[in-house]
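Asker: Spelled out from the first residue to the last, the chains are:
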Amino acid sequence: MSSEKLLLGRTIETGSWVHKLDARGKIIGMLLYVAVILLSHSWPAMALLAVFSISVMASTRIPLKYFVKAAKPLRYLMLFIFIVQVLSIKEGEVWLTLGSLSLHQDGLRLGAFSVIRMLFLVSFTALLTFTTTPGKLNQGLEGILSPLKKIGMSPDRLTLMIGIALRFIPTILDESQIIMKAQASRGADLAELPLKEKARMLVSLLVPVISSAFRRAQDLVYSMEARGFRMDAPRTRYHRLRWGLADTVFICMFVVMGLAVAIL
Amino acid sequence: MAIELQQVSYIYSDRSLWKQTALHNIDLSIPQGSIVGIAGATGSGKSTLLQLFNGILKPTEGTVKVLDVTLQAGEKSPKLLALRRRVGLVFQFPEQQMFEETVEKDLCFGPLNFGMSLEEAKERARKAMVDMGLDLSLLERNPFRLSGGQMRKAAIASVLAMDPEIVVLDEPTATLDPVSRAELISLLERLCREQGRTIIIVTHRMDELLPIADRWIVLKEGQAAFQGSTQELASDPSILERCGIAIPQSLRYWRAVADRFRLEGEVPRLTPKALAEFIASLSSDISHPEIEKRDNHE
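So the protein sequences, as listed, match chains V and L. In our numbering, each residue carries its 1-based index in the first sequence increased by 13. In our numbering, each residue carries its 1-based index in the second sequence increased by 6.
Hints in this document: simulated from the structure, not taken from any laboratory. C-beta: ideal position from N, C-alpha, C; glycine also. Just to be clear, a hint being listed does not mean it is correct.
Unchecked claim - Computed list of lysine to aspartate or glutamate pairs in DMTMM-like fashion (alpha-carbon distance at most 25 Å, straight line):
1) 128(L) / 101(L)
2) 85(L) / 202(V)
3) 194(V) / 247(L)
4) 111(L) / 169(L)
5) 226(L) / 200(L)
6) 211(V) / 101(L)
7) 85(L) / 210(V)
8) 64(L) / 202(V)
9) 209(V) / 247(L)
10) 85(L) / 107(L)
Stated by the list, open to error - Pairwise CB distance ranges (calculated):
11) 181(V) / 35(L): 53 to 59 Å
12) 132(L) / 208(V): 31 to 37 Å
13) 121(L) / 148(V): 48 to 54 Å
14) 148(L) / 238(V): 25 to 31 Å
15) 24(V) / 213(L): 31 to 37 Å
16) 72(V) / 30(L): 33 to 39 Å
17) 71(L) / 203(V): 22 to 28 Å
18) 77(V) / 132(L): 55 to 61 Å
19) 211(L) / 240(V): 50 to 56 Å
20) 240(V) / 121(L): 47 to 53 Å
Stated by the list, open to error - Covered stretches of chain L, going by a simulated chain V footprint (3 or more residues, C-beta under 8 Å):
21) 57-63
22) 97-103
23) 109-123
24) 156-169
Modelling step: build the complete structure from the supplied sequences, incorporating the hints.
Answerer: This is how it looks when you write it as structure tokens:
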């Protein structure tokens, strides 16, 4: 049910060239992509952005509908942003007047830009989690954050937290599902209850979910300690990060795109 | 029939990249008032099958008939609240089922949801505790402070408190000590034989259930590889091996005796005592046929 809908953090393995890239390269690429989006200010730039984004997405060999699905939860936010933009910007040619409200050309244009930007931002950056396993992603993040060691911060600690959190999202979701089923079996089916009862039932769902999360955390600590885990200890990796030509090309792609949209 | 499945399939995450077939084209029927064991290797679809029995999962193909409710794939299901009261499902892990502050509140949860008064619910809770052999002083305890075995018994009690007609249990004896295990099995037998309830048990310990079970369903990779009476299973237990299950000791012993004496169509003796008596009667048959005859005449 919900774990099926949840695409966050799910890797879809197709073995494409994007999958094989260095995680650091992909993270930097995504940051550059955000800059590219912010630099796009005109219809030609938007068109170029669309062609570029869709072709990169297609090259991962992951069906495009999964990228669309990733942006779907934000559809109401996008609609809201569009309406606010349309109503608040009062420049350019007037297209339609309804009482005190008027529809301006610039409002429509900027509203459309915001929606397109948002759409591409969310669906394109989903590429990062679709093509990179959480472990590699974390390692990439650690690699990028490693300069922080020089100013006395520990990127290990940060990435360990993120790593554990990501790892346990699906586990805890699955477990809540089982608890919900157990309670539905005893006559408390969320789907069949009136709204007020639903709220009450959520409490009885949260108690076992949270208590089991604590139990799980305790077990995790014991098993990590039992295997001699120490924070910030130098360790060898099973997967090494390796920067190759493809990664440089990947980064350059975004730089070129940035320049192109800035000119257009 | 208490439960009838017709060509039922169940697919997890249908229409997605992660789709997984758990059950494939299953036909089965479970008569009212019987004890049915379900066996199968891990991942053979046992737990999925159980969840079809009270409408927690709806079949992606086929028809599930439970008591007077019919669940058909692709059709909107009827209100299931009434069905859930009549089919009690005990999940595999008790800690995923308990959540109230006290055992008593937890046991009352089901009965209250099904519209009983608080007094009635408390009465049911007490009765279920006694049935499960739990001390009534535990009612005031926090369920998470119980021992593993007590917690499991309390979880089973919380389902029995709903007074279900069909009791479905997913590996109920897994974390119990041997004494409690035997007690639970005999309680389930009483629930069936004296009160006419239908009992369905998923188990990895077939030995403890074999003497009382009427029927068995053996699953293999989401398909029903065997379905029939305990006697049929005892006549050819090799099907279990083909499904990745070790043949239980009691069936091995019975097979050894039955093969040695070339017995066919005999009711299997699956407890040590019954088997010993049976062997004794066989050997007296062979060595002293006259004595046996004379005994019978008197």
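Asker: If a hint holds in the structure, say so; if it doesn't, say that too.
Answerer: These are the hints, each one checked on the structure:
no., hint, in the structure
1, 128(L) / 101(L), "holds (21 Å)"
2, 85(L) / 202(V), "holds (10 Å)"
3, 194(V) / 247(L), "violated (32 Å)"
4, 111(L) / 169(L), "holds (16 Å)"
5, 226(L) / 200(L), "violated (33 Å)"
6, 211(V) / 101(L), "holds (22 Å)"
7, 85(L) / 210(V), "holds (16 Å)"
8, 64(L) / 202(V), "holds (14 Å)"
9, 209(V) / 247(L), "violated (52 Å)"
10, 85(L) / 107(L), "violated (29 Å)"
11, 181(V) / 35(L): 53 to 59 Å, "violated (41 Å)"
12, 132(L) / 208(V): 31 to 37 Å, "holds (33 Å)"
13, 121(L) / 148(V): 48 to 54 Å, "holds (50 Å)"
14, 148(L) / 238(V): 25 to 31 Å, "holds (28 Å)"
15, 24(V) / 213(L): 31 to 37 Å, "violated (43 Å)"
16, 72(V) / 30(L): 33 to 39 Å, "holds (36 Å)"
17, 71(L) / 203(V): 22 to 28 Å, "holds (25 Å)"
18, 77(V) / 132(L): 55 to 61 Å, "holds (60 Å)"
19, 211(L) / 240(V): 50 to 56 Å, "violated (32 Å)"
20, 240(V) / 121(L): 47 to 53 Å, "holds (52 Å)"
21, 57-63, "holds (count 3)"
22, 97-103, "holds (count 5)"
23, 109-123, "holds (count 4)"
24, 156-169, "holds (count 3)"
Violation of the numbered hints given earlier is confined to hints 3, 5, 9, 10, 11, 15 and 19; the remaining hints are satisfied by the structure.
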